[in-house]
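> What follows is the residue order along each chain.
Number of protein chains: 2
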Amino acid sequence: MDTALDIEKYMHGLGRRARDAAKTLARASTKAKDAALQAMAAHLEEEAEALVAANTRDMDAGRARDLAPALLDRLELTPARIRSMAEGLRQVAALADPIGEITDLRYRPSGIQVGKMRVPLGVVGIIYESRPNVTADAAGLCLKAGNATILRGGSEALHSNQAIAVSIRAGLQAAGLPADAVQVVETTERNAVGALLRMAEYVDVIVPRGGKSLVARVTQEARVPIIKHLDGVCHVYIDAAADHEKAVAIAVNAKTQRYGTCNTLETLLVERSRAEEILPPIAARYAAAGVEMRGCESTCALVPQAVPASEADWYEEYLAPIVSLRVVDGYDEAVAHISQYGSQHTDAIVTENVSRARQFMIDVDSSSVMVNASTRFADGFEYGLGAEIGISTGKIHARGPVGIEGLSSQKFVVFGDGHVRT
Amino acid sequence: MDTALDIEKYMHGLGRRARDAAKTLARASTKAKDAALQAMAAHLEEEAEALVAANTRDMDAGRARDLAPALLDRLELTPARIRSMAEGLRQVAALADPIGEITDLRYRPSGIQVGKMRVPLGVVGIIYESRPNVTADAAGLCLKAGNATILRGGSEALHSNQAIAVSIRAGLQAAGLPADAVQVVETTERNAVGALLRMAEYVDVIVPRGGKSLVARVTQEARVPIIKHLDGVCHVYIDAAADHEKAVAIAVNAKTQRYGTCNTLETLLVERSRAEEILPPIAARYAAAGVEMRGCESTCALVPQAVPASEADWYEEYLAPIVSLRVVDGYDEAVAHISQYGSQHTDAIVTENVSRARQFMIDVDSSSVMVNASTRFADGFEYGLGAEIGISTGKIHARGPVGIEGLSSQKFVVFGDGHVRT
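Sequences listed follow chains A and B, in order.
For the first sequence, the numbering used here puts the final residue at 422, and the numbers step up evenly by one.
For the second sequence, the numbering used here puts the final residue at 1422, and the numbers step up evenly by one.
In case anyone wonders, no lab produced these hints; they're calculated from the structure.
Built from N, CA and C at the ideal position, the CB exists for glycine as well.
A couple of the hints might just be wrong.
As the list claims (entries may be wrong) - Here are the simulated BS3-like cross-link-like pairs (lysine-lysine), alpha carbons at most 30 Å apart as the crow flies: (1) A:Lys116 - B:Lys1228; (2) A:Lys246 - B:Lys1212; (3) A:Lys9 - B:Lys1212; (4) A:Lys212 - A:Lys9; (5) B:Lys1009 - B:Lys1212; (6) B:Lys1228 - B:Lys1212; (7) A:Lys116 - B:Lys1212; (8) A:Lys246 - A:Lys116; (9) A:Lys116 - B:Lys1116; (10) B:Lys1116 - A:Lys212.
Unchecked claim - Rough simulated footprint, nothing fancy, chain B against chain A, three-plus residues with beta-carbon under 8 Å: (11) 20–27; (12) 118–124; (13) 244–254; (14) 297–309; (15) 360–368.
Excised from the complex, chain A in its bound form:
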């Protein structure tokens, strides 16, 4: 495939086959979809050796290209990781199937009965980087929602992804479903992504899973709707009426339970009247955990370990053991800070004051808003969605963790008995 035209043709071929497969999937029974998920899981485990061999090719090439150790770690497929992929597919099989569910079926004055039926989106394009387990996770969740997928992973994981796709497609066929319900883009040409982003006749939605530059490119080029995940600049605001114990526990957990996740706390806001009492013990815990602290002037006066924060710090998603700390003059300043510097991902208030808690729920326009809980809970599993394809920071279609429901839509259904409009 050397010309741009060939790539376009190749991608349109994938698109056509995905569209056809999606029509079959939309009508597939829950039983068939779950059987496919189980068969995929079994096949992945049976083929573990072949998967590790394919992955070794990617790992070797990655080492030869001097990929960063963190990237190599994400790329690696171990027997344990393969089992965990299979387990993930079995968990998706165990989830309830929302497709076909009819809700809100009500009689109207005209006599017709109107309701909504949950339906698949159709074809989902997923563009991701490095981690090959996304191939199985994303394909499995999309399948359960009745969607066909076109998966475009990172070029460094191509052999791993192709090997995983073999098992997935074998699982689909074992259950009598079309193998083309899951297709992996087998060219590493950059143009292939461009074609995927533009072929609105074959793709209903694109889910980019990756860093800022990937999401920026997708946003710029897509002619297809996208469910996107931008930064997670998450805040915890410790209110004047906060409970001391809860405030410390949440501030520590939200920052230190894991550093590289998008729902990790990046900026802690503390109401001035509580700063002297609450900041030092939290700072001690951060220091003990090796978390670098960057603070406003008031913070630095109270916390000897803190260095001065710059304006840029408030916008930063560190994804690292670094936290920014700011003392605010009350609730309004906290909300204004979150509104200006936040990324509408996840923000929490710690307070015992019910009126302020209720107000925070309304005032903060983020995909998850929390009262007295750690931002780390913003996650499909924790929310009971079963699994997630990502966390949407967009405002259309789906906000927050996106599970099966976010990968589906609702159409109107109308039942009459010969009813006509007058």
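Given the coordinates of chain A, assemble chain B onto it according to the supplied hints.
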């Protein structure tokens, strides 16, 4: 405003003010929003004379530019139409306010409580043609959903739209809400639309209301999510098990009750075993109503008034007293026809067979799927949404008639009691 840069600056100014106003609106009480809607309605009626005068300027200019009579008709504001605009706003005021509604609040095994809260989208950009009543209708519905709007109507209606905006903004101020919650783009430069479609920092969603070329341009240029409405190539399929009376009533009503609406029947499909019995009486009713018929070979053999349909006819949204008629060899061929030629808007089956009715609901991937009812019911009022901003034929966010719910979204809310993740 003569340079592209000036226009961009002007549009960004509108965007910034809309974004600020949206923050206030998101927190506005139902009482304040409803008071504003009532005040807008009263103001429109009080200023009817000024509105008619402004509209006369547009009408005179339209006549001087030789606008088609149908366009002039849509452009005209009469006292009756002004009353009807005001009435529409009062009806929106009477609708329930879904904003702030918390649903599905459930305890999770971790002890946190997770639910969803309905929230506004933020800033809605509406691009429309001709009919100035859209200014009031769209602004009213968006306001109820807590959104700020930027309205860009057709250049031929500019004075009318500006005059309506004066009343709307007066109504907002009377209720203590920011006037900038509703802004009309006051330049007729085409570049203004381009700027609106690109300013993702200020606009959360664009709703194009207009013909194919407008929607095509918006789809091509937008860097902002869109809720779009493409063609309404609607079908009624008369199944082998159809009731004769219901079939005739629905086929006639769906086509002849109104010709220019998107939910009007364009292609009637009849199962072969019923064609001889059912097509002639329907054709007689169409002929009596002056509806031109274009049929497949079998149809033409049964219906003397029919002329042969071309392949292009099956794709056509006539929006006129024309219908295409096709005899199909059973259910599968009907579904295949709808899938190939339809526009995923509204399609109906007429049948007494419950299994086929259930199957049709699943097989047909349209925003509204009906059993034994006229496609003309696909409408926000008929569905009980209260009002609609349009009918979405997209698959993301909202399908079918889009009312207040489609102009809002849901965020996750989490309540804990100091809960942290382990």
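> Take the hints in turn and mark each one as holding or not.
So, going through the hints one by one against the coordinates:
Distance hint between A:Lys116 and B:Lys1228 is fulfilled; the C-alpha atoms sit about 19 Å from each other, no more than 30 Å. Distance check on the hinted pair: A:Lys246 and B:Lys1212 sit about 56 Å apart at the alpha-carbon level, beyond 30 Å; violated. Taken as a hint, the A:Lys9 and B:Lys1212 pair is honoured in the structure, with Cα atoms around 27 Å apart against an allowance of 30 Å. Between A:Lys212 and A:Lys9 the CA atoms are separated by roughly 29 Å; this keeps the pair inside 30 Å, and the hint holds.
Distance restraint check for B:Lys1009 and B:Lys1212: the Cα-Cα separation of roughly 29 Å lies within the 30 Å cut-off, and the hinted pair is therefore satisfied. Between the alpha carbons of B:Lys1228 and B:Lys1212 the distance comes to roughly 10 Å, so the proposed pair stays at or under 30 Å and holds. For the hint linking A:Lys116 to B:Lys1212, the alpha-carbon distance of about 27 Å falls within 30 Å, and the restraint holds. For the hint linking A:Lys246 to A:Lys116, the alpha-carbon distance of about 42 Å lies beyond 30 Å, and the restraint is violated.
Only pairs whose Cα atoms come within 30 Å are accepted, and A:Lys116 paired with B:Lys1116 is accepted, the gap being roughly 19 Å. For the hint pairing B:Lys1116 with A:Lys212, the CA-to-CA distance comes to about 27 Å; that is within 30 Å, so the pair holds. For a cut-off of 8 Å, the count of residues in the segment 20–27 of chain A with a CB near a CB of chain B stands at 3, and the three-residue condition holds. For the segment 118–124 of chain A, the stated coverage by chain B holds: 3 residues have a C-beta nearer than 8 Å to a C-beta of that chain, and at least 3 were required.
Given a C-beta distance limit of less than 8 Å, the hint that chain B covers the segment 244–254 of chain A holds, as 7 residues qualify and 3 suffice. Check on the segment 297–309 of chain A: 0 of its residues sit with their Cβ under 8 Å from a Cβ of chain B, so the three-residue criterion for coverage is violated. Given a C-beta distance limit of less than 8 Å, the hint that chain B covers the segment 360–368 of chain A holds, as 7 residues qualify and 3 suffice.
The earlier numbered hints that this structure contradicts are 2, 8 and 14.
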